[in-house]
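Chains as they are written, first to last, in my numbering: chain G, 39 to 281; chain S, 114 to 520.
It should be emphasised that the hints constitute simulated quantities derived from the structure, not laboratory data. Among the clues, some could well be false.
[Claimed, not checked] The calculated lysine to any residue pairs, modelled on SDA-like cross-linking and capped at a C-alpha distance of 25 angstroms, are:
{"#": "1", "chain 1": "G", "residue 1": "Lys181", "chain 2": "S", "residue 2": "Leu123"}
{"#": "2", "chain 1": "G", "residue 1": "Lys181", "chain 2": "S", "residue 2": "Arg127"}
{"#": "3", "chain 1": "G", "residue 1": "Lys69", "chain 2": "S", "residue 2": "Asp512"}
{"#": "4", "chain 1": "G", "residue 1": "Lys164", "chain 2": "S", "residue 2": "Arg131"}
{"#": "5", "chain 1": "G", "residue 1": "Lys181", "chain 2": "S", "residue 2": "Glu423"}
{"#": "6", "chain 1": "G", "residue 1": "Lys181", "chain 2": "S", "residue 2": "Ile129"}
{"#": "7", "chain 1": "G", "residue 1": "Lys164", "chain 2": "S", "residue 2": "Asn120"}
{"#": "8", "chain 1": "G", "residue 1": "Lys262", "chain 2": "S", "residue 2": "Glu515"}
{"#": "9", "chain 1": "G", "residue 1": "Lys181", "chain 2": "S", "residue 2": "Arg130"}
{"#": "10", "chain 1": "G", "residue 1": "Lys164", "chain 2": "S", "residue 2": "Arg130"}
{"#": "11", "chain 1": "G", "residue 1": "Lys164", "chain 2": "S", "residue 2": "Arg127"}
{"#": "12", "chain 1": "G", "residue 1": "Lys181", "chain 2": "S", "residue 2": "Arg426"}
{"#": "13", "chain 1": "G", "residue 1": "Lys256", "chain 2": "G", "residue 2": "Gly88"}
{"#": "14", "chain 1": "G", "residue 1": "Lys164", "chain 2": "S", "residue 2": "Leu126"}
{"#": "15", "chain 1": "G", "residue 1": "Lys181", "chain 2": "S", "residue 2": "Leu126"}
[Claimed, not checked] One side of the interface only, derived from the structure: several residues of chain S facing chain G at Cβ under 8 angstroms:
{"#": "16", "residue": "Ile430"}
{"#": "17", "residue": "Ala438"}
{"#": "18", "residue": "Asp512"}
{"#": "19", "residue": "Leu517"}
As the structure is a computational prediction, the values presented were derived from the model and not from experiment. Even glycine gets a Cβ: it sits at the ideal position worked out from N, Cα and C.
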Amino acid sequence: MKTADGNPSLISIRGLTKTYGHGSMAFQALKGIDLSIRRGEFVAIMGPSGSGKSTLMNLLGCLDRCTSGSYQYDGIAVESLDSVALSLLRRHALGFVFQGFNLLARTSALENVELPLLYRGYPRAKRRTMAREALALVGLPDKERNTPAEMSGGQQQRVAIARAIVTDPSTLLADEPTGNLDSVTTQEIMELIKGLNEKRGITVLMVTHEDEVAHYAKRIVHVKDGLIEKDHVKLDHSEGSSQ
Amino acid sequence: MIGMLGNAFLIALREIRRNLTRAFLTVLGVVIGVSAVITMVTLGEGTTEAVKAQISNLGSNLLMLRPGAGFGPRSGGAGVPLFTEDDVEALRDQVPGIAAIAPVRNTMMSTIYLQEARNTSITGSTIDFFSINKWSIESGRFFDERDLLNASAVCVIGTTVRKELFGGQDPIGEKIRIGKASIEVIGVLKSKGQAGMGDQDDTIVLPLTTLQRRLGGRTSSRDISQISISAEDGTDSDFLIGEITSLMRQRRNLQANQDNNFFVFDTRQIAETLSSSTRTMTALLSAVAGVSLLVGGIGIMNIMLVSVTERTREIGIRLAIGGTAREVLLQFLVEAVTLSCVGGVMGILLAYGLCTVLSSVIQVPFTFNFQINLLAFVFSAVVGVVFGFAPARRAARLDPIEALRHE
Ligand SMILES: Nc1ncnc2c1ncn2[C@@H]1O[C@H](COP(=O)(O)OP(=O)(O)O)[C@@H](O)[C@H]1O
Ligand SMILES: [Mg+2]
Numbered sequence: 039m040k041t042a043d044g045n046p047s048l049i050s051i052r053g054l055t056k057t058y059g060h061g062s063m064a065f066q067a068l069k070g071i072d073l074s075i076r077r078g079e080f081v082a083i084m085g086p087s088g089s090g091k092s093t094l095m096n097l098l099g100c101l102d103r104c105t106s107g108s109y110q111y112d113g114i115a116v117e118s119l120d121s122v123a124l125s126l127l128r129r130h131a132l133g134f135v136f137q138g139f140n141l142l143a144r145t146s147a148l149e150n151v152e153l154p155l156l157y158r159g160y161p162r163a164k165r166r167t168m169a170r171e172a173l174a175l176v177g178l179p180d181k182e183r184n185t186p187a188e189m190s191g192g193q194q195q196r197v198a199i200a201r202a203i204v205t206d207p208s209t210l211l212a213d214e215p216t217g218n219l220d221s222v223t224t225q226e227i228m229e230l231i232k233g234l235n236e237k238r239g240i241t242v243l244m245v246t247h248e249d250e251v252a253h254y255a256k257r258i259v260h261v262k263d264g265l266i267e268k269d270h271v272k273l274d275h276s277e278g279s280s281q
Numbered sequence: 114m115i116g117m118l119g120n121a122f123l124i125a126l127r128e129i130r131r132n133l134t135r136a137f138l139t140v141l142g143v144v145i146g147v148s149a150v151i152t153m154v155t156l157g158e159g160t161t162e163a164v165k166a167q168i169s170n171l172g173s174n175l176l177m178l179r180p181g182a183g184f185g186p187r188s189g190g191a192g193v194p195l196f197t198e199d200d201v202e203a204l205r206d207q208v209p210g211i212a213a214i215a216p217v218r219n220t221m222m223s224t225i226y227l228q229e230a231r232n233t234s235i236t237g238s239t240i241d242f243f244s245i246n247k248w249s250i251e252s253g254r255f256f257d258e259r260d261l262l263n264a265s266a267v268c269v270i271g272t273t274v275r276k277e278l279f280g281g282q283d284p285i286g287e288k289i290r291i292g293k294a295s296i297e298v299i300g301v302l303k304s305k306g307q308a309g310m311g312d313q314d315d316t317i318v319l320p321l322t323t324l325q326r327r328l329g330g331r332t333s334s335r336d337i338s339q340i341s342i343s344a345e346d347g348t349d350s351d352f353l354i355g356e357i358t359s360l361m362r363q364r365r366n367l368q369a370n371q372d373n374n375f376f377v378f379d380t381r382q383i384a385e386t387l388s389s390s391t392r393t394m395t396a397l398l399s400a401v402a403g404v405s406l407l408v409g410g411i412g413i414m415n416i417m418l419v420s421v422t423e424r425t426r427e428i429g430i431r432l433a434i435g436g437t438a439r440e441v442l443l444q445f446l447v448e449a450v451t452l453s454c455v456g457g458v459m460g461i462l463l464a465y466g467l468c469t470v471l472s473s474v475i476q477v478p479f480t481f482n483f484q485i486n487l488l489a490f491v492f493s494a495v496v497g498v499v500f501g502f503a504p505a506r507r508a509a510r511l512d513p514i515e516a517l518r519h520e
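The following block holds chain G by itself, in its conformation from the complex:
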């Protein structure tokens, strides 16, 4: 699949729908989404609460299954994969950052970051080195022994980001990564994500409802009532990113 400018799409979804529940309780959260994202893009998904942003992110992150439609990730037909293949796709290609951090309790930052590497079967020494590098990259080199309970929200989110990027994924998905953080911390986290996108070429998909946060992205997709309302590339990105 090629986009207009000739670059191959990393992500390409067509007519994606998601219905929660059955029968009279059924609720269609996504009503047919078409979206193409190229490698290296930084996309913000915006929209009012309940518009289906998280639902879309979970589908893009292969954490949930769509009701109908097609989803191609790097040429793979995701909608036809079984749960094992989905796990392997998440393991090798995707990194997910949650609004609620979702770190393992009573587990040190280092061990939390090491976790995805364990499933890759890397030896201990290699895991340690990679996890330390990731923690250093997110600015927490001195917190590796702390458990989540011993860290601030911003620090926990940094650990979560380190865990998401330690495997060097091609895509980082973040659902309101700054939703639980104050404005100063938000800025720091967004600079971090922006740096990952620019310096390491990681494709970033991020949900937010804050304009200031969305400003860091190069492209903003607006979702409303389960449909894409507006999809535009920001022209003023180079000047306006860090105001």
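With chain G fixed as given, assemble chain S with the ligands onto it according to the hints.
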């Protein structure tokens, strides 16, 4: 696969360390279950063994004639006639099927050797007493016909008396003081062991004549408190009891409307009573053991259910960062198996300790029963694994996002 297992083992150990309280409580449940079952069954079996040994020590064809109307409150006391040596002679001569018969006189007396003193059961009887009661000699000799005739100052002692009075010293030829008399020890009886009916080796046996003439006090009357009889092989003991009863009624001139003022019983009756009471006890112990297993199992289940929310979320996290359901489950399985096995081994060790202590306290033999150890271990391991693993299995079937949403 090996790598995957090793990996799962690594993660599982990390999980155990991370949730020490949960791990401890799970192990505790298994330990309680395993040790309770093994201890109960082992002690139950030991008791049964002890009772069996006791019964075979009694002899299979032993009858006893005692004054009174039976065991219990009405049995003894004033006015109940004792027996005489003439009774013994009459029974020997007139009742067919008697192999041996011995008059018995029992009393408790203090015995002294040098500085050591203790109260011991003293029995005066004849030579047949030893064969009827299946006593054999460990060292020295039994007293003989001449000792009986002369009322010689001799006795044989049980191993408990030897141990208590003489310690490690050879008692043969030594003199002990019994009541007013100084009596020479001429033999030591081979131990019959204890259990159930008290220590049978805490006894001194001397010629009946010696007891009557030398010891003084109440023992000097010629009354006989009990007659021990062994039946010839193949004699029906009910028939024998009938014969003895009718002869004794006749000798005592009891009218048809008068109750017996003596009673005869045989060891079979004792054996039946004892084995039915051990059966009851074994059933009771098994019930207690079953309850402990159940309690252990419920404990494990509770702990696992309490942590199911946290576990489900954790499974969601592991799936979300790329673990497959199988890998995540393998980790939980390894964790449950590890905890259950650790608990099982600890339970067996604890049971071993408990059995060693308790079997010496209640004085039953301790035999290691491999089967019950295995059974208890397997059962508890299964309980641990099922309850530890089942919630994880349900969670791992969910899509990651559902597991993460679990409240
Ligand atoms: N698991 C679920 N079961 C039923 N309805 C759901 C579920 N998750 C989300 N929804 C519904 O789907 C709609 C979109 O939800 P979501 O994607 O979380 O919105 P957003 O993230 O944009 O706030 C909402 O109306 C929400 O109530
Ligand atoms: Mg949301």
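Hint check:
1. Straight-line distance between C-alpha atoms of lysine 181 (chain G) and leucine 123 (chain S) comes to about 23 angstroms, which keeps the hinted pair within the 25 angstroms bound.
2. A hinted pair counts as satisfied when its Cα atoms are at most 25 angstroms apart, and lysine 181 (chain G) with arginine 127 (chain S) qualifies at roughly 19 angstroms.
3. Restraint check for lysine 69 (chain G) and aspartate 512 (chain S): satisfied, since their Cα atoms lie roughly 21 angstroms apart, inside the 25 angstroms limit.
4. For a cut-off of 25 angstroms, the pair hint linking lysine 164 (chain G) to arginine 131 (chain S) stands: about 22 angstroms separates their Cα positions.
5. Under the criterion of a C-alpha separation no larger than 25 angstroms, the hint pairing lysine 181 (chain G) with glutamate 423 (chain S) is consistent with the structure, at around 24 angstroms.
6. For the given pair, lysine 181 (chain G) sits about 23 angstroms from isoleucine 129 (chain S) by alpha-carbon distance, which is consistent with the 25 angstroms threshold.
7. Restraint check for lysine 164 (chain G) and asparagine 120 (chain S): the C-alpha separation of about 14 angstroms stays at or below 25 angstroms, so the hint holds.
8. Restraint check for lysine 262 (chain G) and glutamate 515 (chain S): the C-alpha separation of about 23 angstroms stays at or below 25 angstroms, so the hint holds.
9. Note on lysine 181 (chain G) and arginine 130 (chain S): the hinted pairing holds, with a Cα-Cα distance of about 20 angstroms set against a maximum of 25 angstroms.
10. Proposed proximity of lysine 164 (chain G) and arginine 130 (chain S) is supported: the alpha carbons are some 22 angstroms apart, at most 25 angstroms.
11. Restraint check: the Cα-Cα separation between lysine 164 (chain G) and arginine 127 (chain S) comes to about 18 angstroms, which is no more than 25 angstroms; the hinted pair holds.
12. In summary, the hint linking lysine 181 (chain G) to arginine 426 (chain S) is supported, as the alpha carbons are separated by about 24 angstroms, within the 25 angstroms threshold.
13. Between lysine 256 (chain G) and glycine 88 (chain G) the CA atoms are separated by roughly 24 angstroms; this keeps the pair inside 25 angstroms, and the hint holds.
14. Taken as a hint, the lysine 164 (chain G) and leucine 126 (chain S) pair is honoured in the structure, with Cα atoms around 20 angstroms apart against an allowance of 25 angstroms.
15. A threshold of 25 angstroms between alpha carbons decides the hint, and for lysine 181 (chain G) with leucine 126 (chain S) the separation of about 23 angstroms falls inside it, so the pair holds.
16. For isoleucine 430 (chain S), the suggested interface contact is upheld, since its CB lies about 5 angstroms from the closest CB of chain G, less than 8 angstroms.
17. Taken as an interface hint, alanine 438 (chain S) checks out: its beta carbon lies about 6 angstroms from the nearest beta carbon of chain G, inside 8 angstroms.
18. Using the Cβ-Cβ criterion of 8 angstroms, the hint placing aspartate 512 (chain S) at the interface with chain G is satisfied: the shortest such distance is roughly 5 angstroms.
19. Here the hint on leucine 517 (chain S) is kept, as its CB sits about 6 angstroms from the closest CB of chain G, short of 8 angstroms.
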